[in-house]
Amino acid sequence: MEEQNILEVCTPVLSRHATTDPHVPSICTNDQRYLHTSPEFPMKRLLAAHAQDSQTQPDLYQIAPVFRAGESGRYHNPEFSLLEWYRVNMDHNALMTDTQSLLKHIWQAFDLHWPGVQVRRYGVEVFERLKCWPENASVSMIKTYFKDANKSFPTSIGNDLDAALDLFMDEFVINEFPSGTFVLLKDYPSSQAALSRLGVDEDGRSIAERFEVYFGAIELGNGFHELSDSRLQQQRFEDDLQKREQMGEPAMPMDTYLLEALAEGLPDCAGIAIGLNRLHMVIGNHDSIDQVISFTDQRA
Amino acid sequence: MANYSTNEFKGGLKIMLDGDPHSIVSNEFVKPGKGQAFTRTRVRNLKTGRVVERTFKSGESVESADVMDTSMQYLYSDGEYWHFMNPESFEQLAADKTAVGDAHLWLMDEAVCEVTLYNGQPLAVTPPNFVEMVIKETDPGLRGDTATGGTKPAYMESGAVVKVPLFIEEGEKIKIDTRSGEYVSRVK
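Heads up: the protein sequence lines correspond to chains B and S, in order. Mapped onto numbering that gives the first Met the number 0, the consecutive letters of the first sequence carry residue numbers 0 to 299. Mapped onto numbering that gives the first Met the number 0, the consecutive letters of the second sequence carry residue numbers 0 to 187.
Quick caveat, the hints were computed from the structure, so don't treat them as lab data. Among the hints, erroneous ones may be present.
[As the list claims (entries may be wrong)] With a straight-line cut-off of 27 Å between C-alpha atoms, the simulated BS3-like cross-links for lysine-lysine are: (1) S:K9 / B:K146; (2) S:K56 / B:K142; (3) B:K242 / S:K56; (4) S:K56 / B:K130; (5) S:K13 / S:K56; (6) S:K135 / S:K174; (7) S:K46 / B:K150; (8) B:K150 / S:K9; (9) S:K187 / S:K151.
Given the sequences, and given the hints that come with them, work out the whole structure.
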């Protein structure tokens, strides 16, 4: 990070606001504050503040403990470490190259054989199997695919196409990623944009400008060409809150400070968060996260 | 009836699926960084013994199965049913052939068995891990041959056939591991 002139920052773990993402559960404290699920919002506020005040626009990084309520398992612990960084004047494609060079640097530092990186496209992966682009797929089509493969498909998915796609990707695409190799999966369906910009892929199809990093079937990180339009951001927060209501999940206070900062102007940038514990698992060839955490949730 | 949420899932938990009681064998939390979380489980149907994979949306709740394991004493068989008694309440229950399965080979008077009850009725019977039985019939022993490691079949009163070392005689009492059906030792 120092070599690349990326500035280390430290932002609050405790906040008045929380992510509205319906699938990212925050831990609420007894005085109505929230433990952050990622340092994304305050880091973007710092990027926006620098854009106003200084001539040189620094890139930023942070290593922070983050919290997700109830996420426990072989690859999950409710408290874990994120390495998150932002690159000004980069889009998701440039950030993919940047991520690759950091990983290569780490692999060399640990004297590990560099396995190389494969780039896959979400839509193409779906099309190869379903003969249909993800945005045109239906839950019943995916359900039939599971049935034909003799795999369990929960009826509780109902009409939620994105949930059906999530399970489809996990079962049939990600689980088939070659082991021991990095895969960058990019160009997500627009309906799964999260905090990324919408754009078009090399074939002109509408996509979300985001990617995920995998080592074999283990997800390591999530990268976005960051959405900078304050009104669009507010719209997504509101859509999230509506979805939360439908799902019976609690409403979350949207980060109005972030919206103000975006209105002031966020520079064109791309950002990524990497789960450091999972990276440690991969480097040390461990098969569960409790082997790289001193005391997991059950014993903390 | 109580319900369990997927975040309470753990090995051994008894749940109802498709109208049958199941026991969770293993479960794994699956979640993309930005997306729906799932719980992928392997469950054993307690009626058929079949193990299948079943995936749930995280947070979904599933009805618990009224299944419990109790220690019961084996009393006798009337040819059709095997009768057991709760040693504390003296309550008696009859288990049929499906519930008893292969366990009947190891049932001896007063043996304390694990009886799995579903809605109060026996669903499965697990015999004690070790039982001691007298050999009803086997080929004559080869005296002094205690080292060669050869075996021969020995027939028990219950119908069980156990491979025993060559030096074991008819009428002797032996200790058997019921989980593998293997001879453990001679009982003096």
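Evaluated hints:
1. S:K9 / B:K146: Status holds; Cα separation ~26 Å.
2. S:K56 / B:K142: holds (14 Å)
3. B:K242 / S:K56: The hint holds at about 16 Å.
4. S:K56 / B:K130: holds (26 Å)
5. S:K13 / S:K56: holds (18 Å)
6. S:K135 / S:K174: holds (14 Å)
7. S:K46 / B:K150: With a Cα-Cα distance of about 22 Å, the restraint between S:K46 and B:K150 holds, given a limit of 27 Å.
8. B:K150 / S:K9: holds (21 Å)
9. S:K187 / S:K151: holds (20 Å)
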